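Engineer: Sequence:
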Amino acid sequence: MPRDAASFLGDAMRKIITTLINATILSLACAPAAFSADMPVRNYTKAPAIADPAYSWSGFYVGLNAGGAWGRVSPNYASQTGVTTAAGFAFVQGLTNQNMNSSGFIGGGQIGYNYQMQQVVFGLEADMNYTGLSKTATTGTFGLPVCGAPTCSITQSYNADWLATFRGRLGLTTGNLLFYGTGGLAVARVRYSDTFTLPTTFNTASSSNVRTGWTLGLGTEWAFNPRWSVKAEYLYVDLGSTGYTMPNNLVPAATVVVDHRLTENIVRLGINYKLGSY
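Under our numbering, the first residue of the sequence shown carries the number 1, and numbering increases by one thereafter.
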């Protein structure tokens, strides 16, 4: 083959090979973009927020409470022997068989347990409180014809310095708000004293003992934190009657029999701390 023809053929082959190489490089460079354009676009969504679990009232708790207490003693001078005339004693009864009212501070602590089934909450609670309830009332002086002499007087007093209750609770809840009724046993130390002063003698007696009775009430409690809750509560307390005979200092057989019945109305606020896990 002539030299000119061979050179021409070599140049042509080099140009063809160069063109093929350039085309290959260009196609490889454009392939990812084309591949990406052909793929469907994936839609990303925000992960759902983790919801807080519903509040549960189940578990043990301890707490403190404080408020006001209103006490009422209903005395009853029931009978007498040889102290005054029947008419005179009837007059004494009218003067002395009247309520003694008092009020004071109440404060203490409580411990309890709740168990929740859906919206119903069952519970047990015990509390111990100081109660500053006391009253002294003197009727007199009054004269003829009650005593057969110019003057007589009667002094009555009572004191209730502590109260404990042991109660069940039954309530309905809407999340962290609880409405409940409560009732059970009430225990308190109560002191009574009576003195019937005659012109020359007197009848007197006193008692100091632990009384048992019952209590009923209503309340509402709000859990403002997984651990902490506050409550407002009303209780009615009936501690029953205490009776004794008042002998005469000179003539023991000349007696007066008196009964006392104590009831209390209590309004208080409290705060509770839930124990254990929640």
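Everything labelled a hint here was simulated from the structure, so no lab data went into it. Being a predicted model, the structure only gives us computed values, none of them experimental. One or more hints might be untrue.
What the hints assert, rightly or not - Here are the in silico distance ranges between beta carbons for each label pair:
hint	residue 1	residue 2	range
1	T220	V251	39 to 45 Å
2	V251	G168	47 to 53 Å
3	N249	L64	46 to 52 Å
Stated by the list, open to error - Cross-link-like lysine to any residue pairs, in silico, SDA-like; alpha carbons within 25 Å at most:
hint	residue 1	residue 2
4	K135	S206
5	K135	L172
6	K135	G276
7	K135	P247
8	K135	G59
9	K135	N265
10	K135	L177
11	K135	L198
12	K135	Q119
13	K231	G104
14	K135	K231
15	K135	Y115
16	K231	G94
17	K231	Y115
18	K135	L95
19	K135	N209
20	K231	L95
21	K135	T174
22	K135	T151
23	K135	M246
24	K135	T263
25	K231	S157
26	K135	G107
27	K231	T155
28	K135	W214
29	K135	Q98
30	K231	F91
31	K231	T197
32	K231	G276
33	K231	V120
34	K231	L177
35	K135	G67
36	K231	T151
37	K231	F166
Glycine included, C-beta positions come from ideal geometry on N, C-alpha and C.
Engineer: With reference to the structure, classify each hint as holding or not holding.
Structural biologist: Going through the hints against the structure:
Our hint of 39 to 45 Å for T220 and V251 is violated, since their Cβ atoms are close to 58 Å apart. One distance hint, 47 to 53 Å for the beta-carbon pair V251 and G168, holds here, with the actual separation near 51 Å. Between N249 and L64 the beta carbon distance is about 47 Å. The supplied range of 46 to 52 Å therefore holds. Of the pairs offered as hints, the one joining K135 and S206 holds, with about 14 Å between alpha carbons and a cut-off of 25 Å not exceeded.
Between K135 and L172, the direct Cα distance comes to roughly 39 Å. Violation of the 25 Å bound is thereby established for this hinted pair. For the proposed pair K135 and G276, the alpha carbon gap of about 44 Å is over 25 Å, so the pair is violated. Straight-line distance between C-alpha atoms of K135 and P247 comes to about 23 Å, which keeps the hinted pair within the 25 Å bound. Between the alpha carbons of K135 and G59 the distance comes to roughly 41 Å, so the proposed pair goes past 25 Å and is violated.
Restraint check for K135 and N265: the C-alpha separation of about 16 Å stays at or below 25 Å, so the hint holds. Between the alpha carbons of K135 and L177 the distance comes to roughly 39 Å, so the proposed pair goes past 25 Å and is violated. Using a Cα cut-off of 25 Å, the hinted pair K135 and L198 holds, with the two alpha carbons roughly 22 Å apart. Of the pairs offered as hints, the one joining K135 and Q119 is violated, with about 44 Å between alpha carbons and a cut-off of 25 Å exceeded.
For a cut-off of 25 Å, the pair hint linking K231 to G104 stands: about 20 Å separates their Cα positions. Taking the CA atoms of K135 and K231, the gap is about 30 Å. The hint is violated against a cut of 25 Å. Between K135 and Y115, the direct Cα distance comes to roughly 41 Å. Violation of the 25 Å bound is thereby established for this hinted pair. The suggested pairing of K231 with G94 is violated, with an alpha-carbon distance near 43 Å, which exceeds 25 Å.
Simply put, K231 and Y115 have alpha-carbon atoms about 17 Å apart, close enough for the 25 Å limit, and the pair holds. Annotation: proposed proximity of K135 to L95 holds, straight-line Cα distance about 16 Å (limit 25 Å). Of the pairs offered as hints, the one joining K135 and N209 holds, with about 17 Å between alpha carbons and a cut-off of 25 Å not exceeded. Restraint check for K231 and L95: not satisfied, since their Cα atoms lie roughly 42 Å apart, outside the 25 Å limit.
A hinted pair counts as satisfied when its Cα atoms are at most 25 Å apart, and K135 with T174 does not qualify at roughly 43 Å. Proximity of K135 to T151 is assessed by CA-CA distance (about 23 Å); at most 25 Å being required, the pair is judged to hold. Simply put, K135 and M246 have alpha-carbon atoms about 20 Å apart, close enough for the 25 Å limit, and the pair holds. Between the alpha carbons of K135 and T263 the distance comes to roughly 13 Å, so the proposed pair stays at or under 25 Å and holds.
Restraint check for K231 and S157: not satisfied, since their Cα atoms lie roughly 34 Å apart, outside the 25 Å limit. For the given pair, K135 sits about 19 Å from G107 by alpha-carbon distance, which is consistent with the 25 Å threshold. Restraint check for K231 and T155: the C-alpha separation of about 40 Å exceeds 25 Å, so the hint is violated. For the hint pairing K135 with W214, the CA-to-CA distance comes to about 22 Å; that is within 25 Å, so the pair holds.
About 13 Å separates the Cα atoms of K135 and Q98, which keeps this hinted pair within 25 Å; it holds. In summary, the hint linking K231 to F91 is not supported, as the alpha carbons are separated by about 48 Å, beyond the 25 Å threshold. Between the alpha carbons of K231 and T197 the distance comes to roughly 48 Å, so the proposed pair goes past 25 Å and is violated. The suggested pairing of K231 with G276 holds, with an alpha-carbon distance near 20 Å, which does not exceed 25 Å.
A distance of roughly 17 Å separates the Cα atoms of K231 and V120; the hinted pair therefore holds under the 25 Å criterion. A threshold of 25 Å between alpha carbons decides the hint, and for K231 with L177 the separation of about 10 Å falls inside it, so the pair holds. For the suggested pair K135 and G67, the alpha carbons sit about 19 Å apart, so the restraint of at most 25 Å is met. A hinted pair counts as satisfied when its Cα atoms are at most 25 Å apart, and K231 with T151 does not qualify at roughly 53 Å.
For the hint pairing K231 with F166, the CA-to-CA distance comes to about 17 Å; that is within 25 Å, so the pair holds.
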